[in-house]
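A.B. asks: Based on these hints, arrange chain B on the given structure of chain A.
If you read the sequences in order, they're chains A and B.
Heads up, the first sequence is in our numbering, so the first residue is 1 and it goes up one at a time.
Heads up, the second sequence is in our numbering, so the first residue is 1 and it goes up one at a time.
Since the hints were derived computationally from the structure, they do not count as laboratory data.
It is possible that some hints are incorrect.
To be verified - Below, in silico cross-link-like pairs of lysine-lysine (BS3-like), each with a Cα-Cα straight-line distance of 27 Å or less:
no. : chain 1 : residue 1 : chain 2 : residue 2
1   : B       : 69        : A       : 33
2   : A       : 142       : B       : 126
3   : B       : 33        : A       : 118
4   : B       : 74        : A       : 33
5   : B       : 70        : A       : 33
6   : B       : 126       : B       : 70
7   : B       : 126       : A       : 144
8   : B       : 126       : B       : 74
9   : B       : 69        : A       : 118
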Amino acid sequence: MLFYSLLAALNGGIVTFSRLINSSLGSYVGSLKGSFINHVVGTLFATMLLLIGMGNGHFQFEGIPLYYFIGGMLGVFLVTFNNFAVPFIGAAAVAILMLFAQLLASSVIDHFGLLGAKVLLLSPFKLAGLGLLMLGSILVIKGKTTSKQNDG
Amino acid sequence: MFQSRDQILSLLASLAAGILLALMMQINASLGKIIGPLESSFVVHLVGTIFALLLILRHLNQDFARQIKKVPIKLYTCGFYGVVLVLIANVVVPHLGMVLSVAIVLTSSLVSSVLVDHIGLLQPQKHPMNPMRIMGLLCAIGGLILTLKG
Chain A
1 MLFYSLLAAL NGGIVTFSRL INSSLGSYVG SLKGSFINHV VGTLFATMLL LIGMGNGHFQ
61 FEGIPLYYFI GGMLGVFLVT FNNFAVPFIG AAAVAILMLF AQLLASSVID HFGLLGAKVL
121 LLSPFKLAGL GLLMLGSILV IKGKTTSKQN DG
Chain B
1 MFQSRDQILS LLASLAAGIL LALMMQINAS LGKIIGPLES SFVVHLVGTI FALLLILRHL
61 NQDFARQIKK VPIKLYTCGF YGVVLVLIAN VVVPHLGMVL SVAIVLTSSL VSSVLVDHIG
121 LLQPQKHPMN PMRIMGLLCA IGGLILTLKG
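This is chain B alone, in the form it adopts within the complex:
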């Protein structure tokens, strides 16, 4: 009983996360239309910093400092990718709309995921391509083409 309640909550949380993602993309793009796509990316990251800071305030201690020292420097580049990600989305969404933008980004990320998994980039293990994944990619590309036709 306890286990299934948490699973239902997890299901709802996952759905909510997907909705938030879509809302976020459109909101950021709309802000970008007014103040500029890079400016919007800046605001997004600034607001995110403040909000995340509030959530982790009680964890800012010696342990955190110790953890930080162990992090390989190259992982700090995540912030660069984040800014570019939001920036590009802010440029694209007003022109293509959400459905098309998400469809293209999704298809491209599926293809790149399968490739990156195959060579085991930045992961402890390789996940080689297999017929199911290739089939999935073909379906996705087919789906994208249909969406483009729509």
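Chain A with its partners taken away, still in its complex shape:
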């Protein structure tokens, strides 16, 4: 449990870092093309990792529900939705709304064991915790100020 929690914490750091890199990339070519480049490089990298034997699974596609394969498509949709919304309501609002919906959807997925998840029932603690997390996120997002001085 601790091991997986630490991995998840590591992923949080990677999320921040890759968000910045994708944002920089997007400033050169636009978000959608940036997403395309991201996916191309990712595909090549993943292929390389598999070829050197880093994978331990097998490409057996029999009996897998078709919708298990649409993850990549949803990711690209996400980028287009973001692109649409940010100019109208701002990045902060988009981030907050996204977070809220993500937490809500995650709760539903766990509680009902949807899409292949194991059932993990919600509890008052979890709901309170998520609420506090949401509040904390809003404070961090809204609290972002700009320094007047830039040391480069």
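C.D. replies: Quick look at chain B alone, frame taken from chain A:
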């Protein structure tokens, strides 16, 4: 009137994006349980490449080629992080579930964001820490602890 209609659409789009993100994480993890977490990350990126390609097909022209040449090489590492991101999520989600996984990733990304903003990493400006952001981090950590207890 026009402005507020687009704002409502933007609100809906943002909510939809959040839902998509959660769906995506669970779907990728479920695929990973069957074919392997790295294999799943591969499929995700492959499908994403094809789909993104379809969307940008009409923009694949000289302008794009020119833009690409200006991109600093180090920014192409985004793909590496993407693969690792999905890979780790595929390993973690089946064990911790979505709520816990998202809660930990979120808290960690908030902390790292505040730090990275403070030093102005990879950004044109610094965004120094302030009481509101620190308060937010404390709330988030408190929220995470509550969620863990749940």
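A.B. asks: Now tell me, hint by hint, if it's right for this structure.
C.D. replies: Status of the hints after comparison with the structure:
1. 69(B) to 33(A): Between residue 69(B) and residue 33(A) the Cα gap is close to 14 Å, so the pair holds against 27 Å.
2. 142(A) to 126(B): 15 Å, holds
3. 33(B) to 118(A): This hinted pair holds, its Cα atoms lying about 12 Å apart.
4. 74(B) to 33(A): Answer holds: residue 74(B) to residue 33(A) is near 16 Å, not above 27 Å.
5. 70(B) to 33(A): Holds: residue 70(B) and residue 33(A) sit about 14 Å apart, inside 27 Å.
6. 126(B) to 70(B): The hint holds at about 24 Å.
7. 126(B) to 144(A): At roughly 10 Å apart (the allowed maximum being 27 Å), residue 144(A) and residue 126(B) satisfy the hint.
8. 126(B) to 74(B): 21 Å, holds
9. 69(B) to 118(A): 46 Å, violated
Comparing the model with each numbered hint stated earlier shows that hint 9 is the single one that does not hold.
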